[in-house]
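Line by line, the protein sequences are chains X and L.
Residue numbers for the first sequence follow our numbering, beginning at 1 and rising by one.
Residue numbers for the second sequence follow our numbering, beginning at 1 and rising by one.
Warning: the hint list may mix true and false statements.
Claimed, not checked - Using 20 Å as the maximum straight-line C-alpha spacing, the simulated EDC-like pairs for lysine to aspartate or glutamate come out as follows:
| no. | chain 1 | residue 1 | chain 2 | residue 2 |
| --- | --- | --- | --- | --- |
| 1 | X | Lys6 | X | Glu26 |
| 2 | X | Lys288 | X | Asp19 |
| 3 | X | Lys317 | X | Asp19 |
| 4 | X | Lys317 | X | Asp283 |
| 5 | X | Lys6 | L | Glu185 |
| 6 | X | Lys6 | L | Glu4 |
Keep in mind that the hints were calculated from the coordinates and are not lab data.
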Amino acid sequence: MLEGCKWDPQVGDAATLADFPLLMPESTWHGLAQAAEAMTGELMAIEQAALATRASLQELGLPDRLVDALYSDEPPTPAAVRVMRFDFHPTTAGWRVSEVNSDVPGGFTEASFFTRLMAEASREGMPAGDPLRAWADGFARGVIPGGQVALLSAPGYLEDRQVTVFLARELHRRGWQTHLAHPAQLHWRDGVAHLETNWHRGPMDAIVRFFQAEWLAAQPDARNWRRMFHGGLTPVTNPGIAAVGESKRLPLLWRRFGISTYTWLCHLPETRHPNEVPWEQDDSWVLKPAMCNTGEMVLIRPATSGADWARAVRAVKLQPDRWIAQRRFHPEPVNTPDGPRQACIGVYVVDGRCAGAYARLSERAVIDFAATDVALLLTQE
Amino acid sequence: MTTEAIFEAWAPTGARWSAWAKPVLFSCLPTATLPEPPALLGRPERALLEVPAAADDLALVLDLPGAEGVFTGLALAQGGYRPVPLYNAVPLPTDGLPSEREGVTLVDVMPILAALARLAPTVAGCSLRAEAPPAFLLDAHRRHGSHPASPLAFDNRSVAFTTDFPSADRLLAHGIRRVWLIQAENTAPQADLANTLRAWQAAGIALWLKPLAPNTPARPLMLRPPSWLRALGHELLVLVGLRRQPLGGFNGVLSAPVTTSTPRSAQSAG
């Protein structure tokens with residue numbers, strides 16, 4: 001909690017750190033890691049295809065200002081390092097992916113620091129990797145040593161700020177000068193980001209963006225943030241174009257691009273436009289908004305109160321182009337000392353290479369803010 | 001004292017309400033250059049005189065500015081309450097060191113940090129029962145800042161969420177039937193805190209407000225649900241995707257075969 005910046009170990013009445021590890025055979029992990037790396041390659045190709053036309057971006061259900069930022073003749077702003085996390089679930093039909101966190105994936109301290117501590121304490125297995133180290137190593141390849149780095153997060157969201165502070169400490173330990181800031185404190189001159197605050201003014205050598213792209217698009221002055229998408233010279237992690245992969249509507253566009261999505265098709269449940277399927281009558285469909293960063297926005301009718309479902313029906317009918325319907329999968333519960341739980345294994349991929357896992361357990365059908373973080377440890381066969 | 005010892009003093013292992021103590025500020029201690037804590041204002045003793053003696057059916061919420069909550073919490077600890085720090089704002093880490101310059105951050109948390117560190121031995125010495133009733137400590141400046149807003153400042157404002165507190169069910173399960181809100185002025189509770197208090201009240205917990213202003217006795221506090229117009233307005237914002245959650249951050253909008261290998265491990269699908 002103190003050294004690893006885990007600042008939300010208790011949410012309401014729920015403790016969010018499991019005092020036991022989740023064990024997985026190495027062979028299982030290798031299968032997930034290979035799938036995640038393959039899906040990364042497919043996603044990057046789809047991302048480029050989607051960026052090529054404004055019409056494609058509009059179909060992703062993104063805010064108009066975000067589409068404006070994503071569609072540009074200027075070259076994409078370079079990535080300092082590119083990280084994404086694929087959320088796998090054990091189901092009765094095998095492993096399924098619920099989403100890729102392509103824009104601003106978190107969970108670094110749980111997947112790195114906490115998992116290492118649990119491995120040392122339990123001696124039951126080895127961590128699947130160290131996403132923090134992989135991320136920082138990638139950062140070091142893309143950013144000049146000892147430079148100035150701005151880390152952006154939204155004020156008031158402690159769960160976001162704990163991530164930026166944790167990353168800032170690692171970068172500071174490696175010699176960079178770090179600044180926690182807000183996008184409005186960035187000013188771009190000739191493509192270079194400058195920080196203007198009352199504790200530091202000057203050009204930045206890199207930006208760590210832990211500020212969701214759709215929230216950027218809601219900022220009043222686009223001049224502060226558009227260069228994080230296109231036309232910027234200052235490397236950004238993740239660059240703004242990562243928002244494309246974050247849209248849950250991306251699978252609706254796949255077929256037209258002629259790009260292989262074989263691995264995705266093997267793991268992602270059938271995904272359709274809400275108007276194409278009888279989701280109101282058929283409980284085998286779940287609803288997700290296009291930009292769905294947390295599990296609590298996933299709507300499963302049997303698991304949703306009557307009032308919340310009525311609100312969801314109104315929202316989907318009002319803006320069906322901002323939602324998807326997706327086949328519901330049936331989780332294979334994991335037996336734990338606390339009883340059976342749904343598991344979610346978030347597999348990190350950093351610059352195309354698998355880098356570790358962020359595992360969570362939930363009593364409920366959805367993995368949300370109240371899920372328990374658990375250290376995933378690999379065991380020999 | 002080490003950082004861990006300071007945190008342990010305020011959130012001792014095994015104490016009933018320690019799990020809710022927020023580690024945020026304590027996490028910033030190793031790199032913090034602490035100022036002297038502000039002088040004791042005289043209020044804590046008075047608060048102790050005007051607040052009921054520690055009782056197992058009573059919890060306190062102290063929504064006081066800056067370090068005053070820490071001092072008052074310590075005074076109440078000497079009267080048998082367990083102070084539970086719920087401070088969510090971070091200082092500005094510049095080059096690994098929190099800045100002390102006034103106005104650099106919107107919420108000045110260094111006096112709170114200093115008070116928590118310097119008073120840790122005293123609170124540890126109170127030898128409170130593990131079941132001691134809680135006194136949750138909040139910074140009244142958390143939402144609006146302790147300095148005039150500046151676009152150049154580090155925005156470390158924060159919000160107290162319902163999930164920062166135990167639920168009404170948990171309070172009731174431990175016999176707590178009354179909650180006293182202690183704040184500086186005789187005004188309505190802050191909007192973020194009101195959400196939590198309203199939920200507690202709806203579950204049957206009696207609320208009282210005790211302002212620290214002179215000659216203002218404690219009074220029952222009745223919180224009404226938000227108006228239908230406000231609720232409708234919020235729902236519309238949710239419908240069009242403009243809001244993640246009520247009272248959220250300031251800039252979201254703008255602003256496997258399964259077996260158990262050991263008693264405490266779980267095995268995933270293979």
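- Query: When the hints from earlier in the document are held up against this structure, which numbers fail?
  - Reply: 1, 2, 3 and 5
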